[in-house]
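This is what each chain is made of:
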Amino acid sequence: MLPDADMERLLREIFAPFDAEFAYAVDEVTVTVPRERIAEACRVAKEHPRLRMDYLRCLAVTEYDDRYQVVYMLYSIALGHKAMLKADAPKDDPVIPSVVSVWSGADWHEREGAELFGVTFSGHPKLEHLLLFDEFDGKYPLRKDYPFEETSEWSAETHPQWETPGDGR
Amino acid sequence: MIGFFKSLAVTLQSMLRKPVTVQYPGEHLPMSPRYLGFPGLLWDDAVDEPACTGCLVCARYCPTDCITVSMKDNPLHKEGKSKRRKIVDDFQIRMERCILCGICVEVCNFEAIAMTDYHEEADISRGDLIATKEDLFRMGRDYQKRAGIVVGAGSGSEGEE
Amino acid sequence: MVAEADLQTVDMLLNMGPQHPSTHGVFRIVLTIDGERIVDAEPHIGYLHRGTEKLCERENYRQIITLFDRLDYVANFNNELVFVMAAEKLMGLEVPERAQFIRVILAELNRISSHMLFYGAFGTDIGVLATPFMYGFRERERIQQLFEAVTGARMMHSYFRVGGVADDLPDGFTAHTRALLDELKRGVQECDRLLTYNEIFLERTVNVGAITGEEAIDFGVSGPVLRASGVPMDVRVAEPYLVYDRFDYEIPLGKNGDCWDRFWVRIEEMRQSIAIVEQALAMMPEGPFQAPVAKFGFVRPPRGDTYARAENPRGDFGVYLVSQGENTPYRVKIRGPSFCNLMALKRMTVGHYIADAVVILGSLDIVLGEVDR
Amino acid sequence: MTWADVGWLVLSVGLFLGFISFVVLFLTYAERKFIGRIQQRLGPMRTGPFGLLQPVADAIKLLSKEDLVPGRADRFLFWIAPLIVFVPAIVIWVSIPFTRDIVIENLELGIFFVLAVMGLSIAGILMAGWSSFNKYAMLGAVRAAAQLISYELPLLVAVLGVVMIAGSLDLQVIVAEQNTVWYIVLQPVAFLLFFTAGLAEVGRTPFDIPMAESELIGGPFVEYSGMHWSMFFMAEYANTFAIAVLTTLLFLGGWRGPAPATGWGQDVMMAFWFLTKASAVILVIFWIRATIPRLRIDQLMSLAWKVLLPLAFANLVMTAFYLFYGWPDWSIVLLSLGLLMATVYGYYVRRRSRLPRPVTVKLRVRQGRIVG
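Chains as they are written, first to last, in my numbering: chain A, 232 to 400; chain B, 796 to 956; chain C, 20 to 392; chain D, 7 to 378.
Okay, chain A solo, but in the shape it has when bound:
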């Protein structure tokens, strides 16, 4: 486990060719990488002998006013390092390369991000609905423009579109 300043130096050294920006998220270093190169950067982080960040703690999508940001929280079980990788995607073209080939564990996180935020993870083997039902199309509930519905009790009258089709058998 390196102190943060040393960690930043190490990351600066390793991610120098990536045109990256560095910052802090309280106690860990964040590395913002251009989105085209994020998969590559993740592979470097995983396989570089001085990082060996083999454990994907979390993968989160966040919507900001002008962009979608995908955050990869990484951790090295062998060395105890931690760091965040970040990649931004513009709102009009929310596409980010998938990292499933780097960590299998990114699978459902990416599917979740895709269905809740509408961010397309290109190269993902199966970008289908995960948490929502299949009919929930074209809307992305975690976007800021998706309204909070007024709380109302569920009934067939208030939500006729959610009546399940059935043959009555």
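Incorrect hints may appear among the rest.
What the hints assert, rightly or not - Simulated crosslink set (DSS-like; lysine-lysine; CA at most 25 Å straight-line): (1) A:Lys370 x C:Lys365; (2) C:Lys365 x A:Lys357; (3) A:Lys375 x A:Lys322; (4) D:Lys39 x B:Lys801.
What the hints assert, rightly or not - Per label pair, the in silico range of CB-to-CB distance: (5) B:Leu924 x D:Glu72: 22 to 32 Å; (6) B:Val817 x D:Glu72: 33 to 43 Å; (7) A:Asp250 x B:Asp860: 40 to 50 Å; (8) B:Lys873 x A:Phe367: 50 to 60 Å; (9) B:Glu916 x C:Asp201: 33 to 43 Å; (10) D:Ser27 x B:Asp860: 52 to 62 Å; (11) C:Glu234 x A:Glu244: 47 to 57 Å; (12) C:Asp186 x B:His823: 20 to 30 Å; (13) B:Leu824 x D:Ser27: 31 to 41 Å; (14) C:Glu61 x A:Phe367: 17 to 27 Å; (15) A:Tyr295 x C:Glu113: 24 to 34 Å; (16) C:Glu113 x A:Asp250: 36 to 46 Å.
Since the hints were derived computationally from the structure, they do not count as laboratory data.
A quick note: this is a predicted structure, and the numbers were derived from the prediction, not measured.
Glycine included, every Cβ here is placed at the ideal spot set by N, Cα and C.
On the provided structure of chain A, position chains B, C and D as indicated by the hints.
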């Protein structure tokens, strides 16, 4: 085979022990004094009026929006008997939605609401699960009597019980 | 004679869940089976999706604690802990020591109660008629009575606050807990003896659903499931939080990463948790239980983002919190350990029998509230 | 056959049916109470004193429930399957003696008849599974067929050992032959085999694989409800009781008490001892049910074909030698015990090769650091 017979021995042993069942409707487990039951409204016995001024703070901070409150001018205030300018007019809690988190009690500035130990308020229709002002005072005053809570006369102080 | 290859056979699709007694909630897995053997498994989740992350963007920091209670609804304290830790991290808040010890004690007791639930459910999955279930619940009940004495609620406590805990411990807490720990020791011992080395239990669990350490890390598996594969990753040691760096305990590690190892790791963890609680009780200082923060815990952390995580009974529970300096978070991403462990389910089940699928699912110890959020 | 004979037959059959129904109802109560106590619960307590009326309440509930038939089920088979399971479970009681005198019709091929008729229920279970139009039911039915047929063999071969010593298939004779020494002493291997295979035959834990509540949600019976389901249920308990009764008759000396019963009360005493022994066996079955996990289908099959059947044959051959050469009694006891120990040893050898005893480590943490 040893593990097999060990398992049988464990079950035989526990069969010889006393059952731990508590036959619920007949007997109750002791309840903790901090038990979070349904919220109830407290009564200011000194002035003989509700301690609640209908200030709406609980309704605003309720995570599930289960509280509905309205207030009115306090007639007793005009007569000079009470310090409360406003008093609760109507108060409803939708019990089916209440999650018993206790936030309303924490935010109340007048010690007017408390988590009672009422917990057996099941009913057969949704309409019956809406606790009216009368229900809330019934629970609250009963609890107040049993727990010995005295609401200061129109003090508006912030004290934790 | 007709050779088997000449027979026209088709694989059968077997839909397990969402209404199935062994899916631990509303989980659905579509198994493609060839006879009794599983050829393919496709998990479907989301039946309990309540939009917690969206709700978190509307509620304030005090209210969100109630939402976190309902994620992993058998490890409520641990969930609350991670959220308040994330907020405290953003605010740079120093939590009083007494509060930290209270949190440790409650979180570890919650771990025991959660593992007891696992024990019961796993025993039922494996086919004992509810006896482990009853034993597990007997112990759980004792712990919940202690929780009720402390927080007033048996499950949905909403007791931790940003900067501390809601209230000081009640009188007689130490004596009550010590008595409880003695009973728990006996209870864990009994549970251990009932199943762990039973021959049929061994036959059913050893070498079933094995996953190697590398694969487990690749899938982001954490907690007892990861440690059963022999990877020494425990957040309590890897990224020490609270006062976990003051205790002496042991981390049980498995070797094969099979169902038996996961079971054993959890049984041992209960013993270690008891040891931690004992030490914490002895070391607990007097003092304030709440740092001075905004009234009622309606805090406004400064702009920024942070990731906090802690060792939940099920594994590495994380919260990614983005604040814009308002009284509600800007974005909360919850990383449920069950969610990530479940991703490895397909890898574990394929090639085993239907009966094993149930056992493997049970050994992952998922809680759907946290998977679907 | 005179009218009196017919009348007697109808009366006795009616009495027996009533008795069996009563036993089944009581068994459900006893099981719930007993397992409740094992789990440190009280068991049923609400209906009547100590919940004694619970089986009655259950019966009323089941009778008043709607008898659902799945939409695409094969209605005729679905309807008739419970009968095919239920009837053999009752018919076997015709030739099972309770005492020397209390028996409807003692058959010379008694045990043969009982085991043959018991085997019929497989057809009903298969029909139930097939006609339910449900994959779980079908899987359960196929499992049941595989299991029941596999366990018929060790069951029969184990009984053969007893039959050879007794020299008769007549249950009366078998009990009479246990005059000096119970067959559990002479045939311990056969006893264990019979008990194990019997458990599997009636699908009790650890062999409840066809029903497997946690996997197949009840197997062949998953679509049944109300009266039809309760017929399966009664058949299961009647069969459980039958296995306990047969164990008593074949191995535990039947109705023999500590002192030979004489005089006018002898039938009562015999019935008492008989039922006491049968209840003890039943309690062991319940005890095992509350303690032991379920086997997996492949383990179940390999247990039947690789362990129980060879053991049964070994026991048969051993018994044949014993009888043919007229060896003393203690020799077969020793031989049987040796056989059992060899089996247990073989199990441990196999476990050492196939199931390595799980290796586990603990890392010590001191002050937040792993120290080894």
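Range hint compliance [Cβ, Val817 (chain B) to Glu72 (chain D), 33 to 43 Å]: holds (35 Å)
Satisfaction of the hinted span 22 to 32 Å by the C-beta atoms belonging to Leu924 (chain B) and Glu72 (chain D): This hint holds: roughly 30 Å between Cβ atoms.
Hint consistency between Lys375 (chain A) and Lys322 (chain A) [alpha-carbon to alpha-carbon, up to 25 Å]: holds (12 Å)
Glu113 (chain C) versus Asp250 (chain A) beta-carbon gap, inside 36 to 46 Å or not: The hint (36 to 46 Å, Cβ to Cβ) holds, given that Glu113 (chain C) and Asp250 (chain A) are roughly 38 Å apart.
Glu916 (chain B) paired with Asp201 (chain C), Cβ distance criterion 33 to 43 Å: At 36 Å between Cβs, range holds.
Pairwise hint evaluation, Lys357 (chain A) against Lys365 (chain C), where the allowed Cα distance is 25 Å at most: holds (15 Å)
Distance restraint hint 47 to 57 Å, applied to the beta-carbon atoms of Glu234 (chain C) and Glu244 (chain A): Between Glu234 (chain C) and Glu244 (chain A), where Cβ atoms are some 31 Å apart, the hint is violated.
Supplied distance hint 31 to 41 Å, evaluated on CB atoms of Leu824 (chain B) and Ser27 (chain D): holds (40 Å)
52 to 62 Å as the expected CB spacing between Asp860 (chain B) and Ser27 (chain D), which holds or is violated: Holds, since Ser27 (chain D) and Asp860 (chain B) (Cβ atoms, about 57 Å apart) stay within the stated range.
Distance restraint hint 40 to 50 Å, applied to the beta-carbon atoms of Asp250 (chain A) and Asp860 (chain B): holds (48 Å)
20 to 30 Å as the expected CB spacing between His823 (chain B) and Asp186 (chain C), which holds or is violated: Once the Cβ atoms are compared, 24 Å apart, the range 20 to 30 Å for His823 (chain B) and Asp186 (chain C) holds.
Assessment of proposed distance window 17 to 27 Å (beta carbons of Glu61 (chain C), Phe367 (chain A)): Given a distance of about 19 Å, which is inside 17 to 27 Å, the answer is holds.
Of the numbered hints stated above, those contradicted by the structure are hints 1, 11, listed in ascending order.
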